[in-house]
Amino acid sequence: MFKNYLIIAWRNVLKNKGLFSINLVGLALGIASCLIMMLFVVDELSYDSYNKKADQIVTVVFRAKVSGEEIKESSIMAPVGETLKKEFPEILDATRIRNYHTPKIIVDNQSFRKDKFAFVDANFFDVFTLPIIEGDDQNPLKEPNTAVITKAEAKKLFGASSAIGKSFRLDGKEQPFRVTGIIEEVPRNSHFHFDIFASMEGLEEAKSNSWFEGSFYTYLLLRKDTDYRNLETKFPHIIEKYMGANMQHVMGMPYEEFMKENQLGFKIFPLTDIHLRADNAVNDQLEQGGDIKYVYIFSAIALFMLLIACINFMNLSTATASKRAKEVGIRKVLGSNKNQLLYQFLSESFIATLFAMFLAAILVIISLPYYNELSGKELEVDYLGRPFVLISLFLLTLLVSLLAGSYPALFLSSFKPMTALKNKFLTGNQNNGVRSGLVVFQFVISAGLILATLVVNQQMQYIQDKDIGYERDQLLVIREAHLLGKDQEVFKNEMLKNPKVASISQSAFAPAGDSDDSQTMISNDGQFVRRMPVYNIDEHYISTMGMELVAGRNFSREFGADSTNVIINETAAKILGLGNEPLGKRITEGNNTDRTVIGVVKDFHFKSLHQPIDPLFMLYAPYGGLIIKAKSADISELIKDANALWNSFGTDEVFGYSLMDESYKQTYVVERKMGIVLNIFAMLTILVACLGLFGLVTYTSEQRFKEIGIRKVLGSSVFEIVAMLSRDFIKLVMISFFIAFPLGYYLMDKWLEGFAYRIEIRGWIFALTALATLLVAFGTIGWKSFRAATMNPVEALKEE
Amino acid sequence: MIHIQNLKKSFRTEEVETLALNNVNLKVEDGEFAAIMGPSGCGKSTLLNIIGMLDNPTEGSYKFAGHEVGGLKERQRTELRKGNLGFVFQSFNLIDELTVFENVELPLIYLKESKSSRREKVMKVLERMKIAHREKHFPHQLSGGQQQRVAIARAVVTNPKLILADEPTGNLDSKNGIEVMNLLTELNQEGTTIVMVTHSDRDSHYAHRVINLFDGQIVTESQNRAVGAMM
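Top line first, the protein sequences correspond to chains V and S.
9 is the number of the first residue of the first sequence in the numbering used here; add one for each residue after it.
22 is the number of the first residue of the second sequence in the numbering used here; add one for each residue after it.
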């Protein structure tokens, strides 16, 4: 019996090659898009789950609101972890990471500077699952000055021979570090990736008792089934006990008084939530995380793509079903019952879906590298080969075939045999309602996605065009110029002679990209007012950066005492309540350093546009890096010159640089990638929706073949026939706007709320969406309708 | 074999109720060859559909081989139809996507016969219908006469007790028409009961009995003395 079904299914495919291909390609595209989205989602959700104790590990972060400033730090004070462990029996262990970024590492007089380095507590490898594959697998970091390194790092530093027992030095530290263990690479889906894990035993700052400063990423291992939310509720008491004691000394006021106006607290994030849900300050994360919002968005798109593809499949199968009516009639006359027919059509749907699934898998394999490149992900095709995924895919096939095949199957098998044989139901309209509903649904999603794409692109354009308070073009940042030591001054002076250079500022503070980072406490009469970021700059900074002084003067070498003066931004003037005449006012920094305001710089964005502009302190302290303004946009020659000059000092330090405009773009890389992905999937969605529409209009024109013939004989024009065939579909597309637009507006407005500086969604965006959708829809329908309208009417009338 | 008493069939649209069959009483004995005649719209096909259990009567009784089938559900009718009834239509109603062999095989598949038994039975009946050499052809590759022979082969492959033919020669030229009628007569002579709806006087002469229907009622019944006069 099944063979018979297969035979007839296959021959039907051959007979309706065109429609079947449309159907299959649509379904395959839908499934492929869904698969890629799901790969993304699964990958995002898998972060840190490689740890065997992932469900027991949490991280403690610091949250505060002090004088209106929100503080969200993920690296916290040194004693917190150990103290919490002592205080709460549900905490089995506490371990810390101190990020040391990329220090200079020296092995046998050879130096390396790209290796990610961290100090970790001795129990680090008991908490995290990073198996020691060579060396001391019990307690490799118990001694000071020991280190566990990755296999690749071992090979890089020490070549092919075993690295165990060998040593390297850290620039600026006397004692060499001895390698005591080797691990594989840290898994890709981890929220940290270090090459070297050094023992914290010898690190002085790790022993600090300060509850007011520190940079330790702190992790707790909880007893199984401990509710971390419950634990979190006990933290305020800890704050009071340990921070309260020193509050007067540090903040200049008693704890109770401080807490009246301000908030301090610790918060817990489960390990597996760090990547997606931890809302830590961007510059205080071990690595830039993902965003659960995008996981939701992409899951929704995946689901929609799949739904649209299924709907198409359902629509077209039902539409073409009428062609199978005679077969159904004959089968019924010959003794087939309803269930057998149901089974027949469902198995056809299953086979088609299976086919589409294979096609989709091929599409995924082909497109994944491109997708990775666009989205910056490293999704791997071999995910698809895992048993769990294979089973899911099989279940998905089953689900899709049921979803897509059930309606046509029920519809077909319910034909009365004689009606079916006489093809009487062909003119029946009972399915038009369902089909129309499905078309509307598809276009709601398509128009919604077009709208979303336009809004995202607009916002990105806004970010690109916005006056950010400085000129980011033609700025070459050599943040590590201090690596030249005493030659830095010579380097700077030589560069100034270069005709391609307009000006140079000596500073390592950049408003976009990697930057030095410094904070200061502002106080008034010995009482803490608020924390404020500080930029250490020289007298050329403001002009080199193209910033504008709105009041007062710049730093100058002519004024000897500029080291005690300060330039502030407009927001600082406002927040510190300096009134209309801030110049000459004195501000106390820390407990006793007085600064005189000599200038006010126009607000510029030194954080992303997601956040409002903070108050800023600019002090005269030229050191660190160099920021070079080039005379022309073609900066590549200048980079070459700078590199050559750098190397001429015979240093073993590698010349490193960044371009300010690139760094600025990089700040919005997540949004940009999201925009690209959204663009692609909006196009795919509309393509799939159009394939469906094309199929439907093909079917309609076939069904109305005779009618068209008669109308033509009676004198109807081609235009009238095209209009007649298109009208109904266009109406449906228009209806979809009424649902898509309010929904799209609501969701995109929510997305825009994440930006402190954003566009408004204006009417023209809706108009453009409507126009684009209508054009594409009409293009699809119009061509087919035109073909139908221009056929020879005799052909149609011969059919009788 | 067929015993119909006071049978009525009406069709209802939104506003009009049409009485297609009105108080029909009919008996067809085992082995009989009966022809139903009458003008278009007189209810011939409706009657044939009810006899063929493709449709239910609105009122009255229909006994098939002693079983009352008038009020059966579709599933029950399907079960009863399988193997007992064969159909031959004016428009052949072969499945275009199946070959000659596969078309004829279909009723046997629904009877869950084994593959070898199916092969044997299909080939036997195709040979008998002189169409075995076309077993791999598709319907559209055959002439009308050949298609109807395939349809008859399909109707008889299960060895049914009753064959219902709805204007079996309606789409055929006279030569092919005669061939088809001869085949039906042969089957009847071997014991199969045949009920045939026809417009053709010539075809009606092959039947033992001609039932004339007019406006949904049987108006006359006549016995044919010279059965097979046209042979």
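Just so you know, the hints here were simulated from the structure itself, not pulled from any lab data.
Ideal Cβ positions, reconstructed from N, Cα and C, are used throughout, including at glycine.
Accuracy of the hints is not assured; some may be wrong.
[Unchecked claim] Pair ranges (Cβ atoms, derived): (1) S:E100 - V:I300: 52 to 60 Å; (2) S:E148 - V:K11: 51 to 59 Å; (3) V:L722 - S:V37: 46 to 54 Å; (4) S:H158 - V:L387: 45 to 53 Å; (5) V:Y378 - S:Q162: 55 to 63 Å; (6) V:A308 - S:E89: 32 to 40 Å; (7) S:N43 - V:L362: 47 to 55 Å.
[Stated by the list, open to error] Straight-line alpha carbon distances no greater than 25 Å define the calculated DSS-like cross-link-like pairs of lysine-lysine that follow: (8) V:K122 - V:K112; (9) S:K133 - V:K424; (10) V:K424 - S:K84.
Output the indices of the hints that this structure fails to meet, ascending. Of the numbered hints given earlier, those the structure breaks are 2, 3, 5, 6, listed in rising order.
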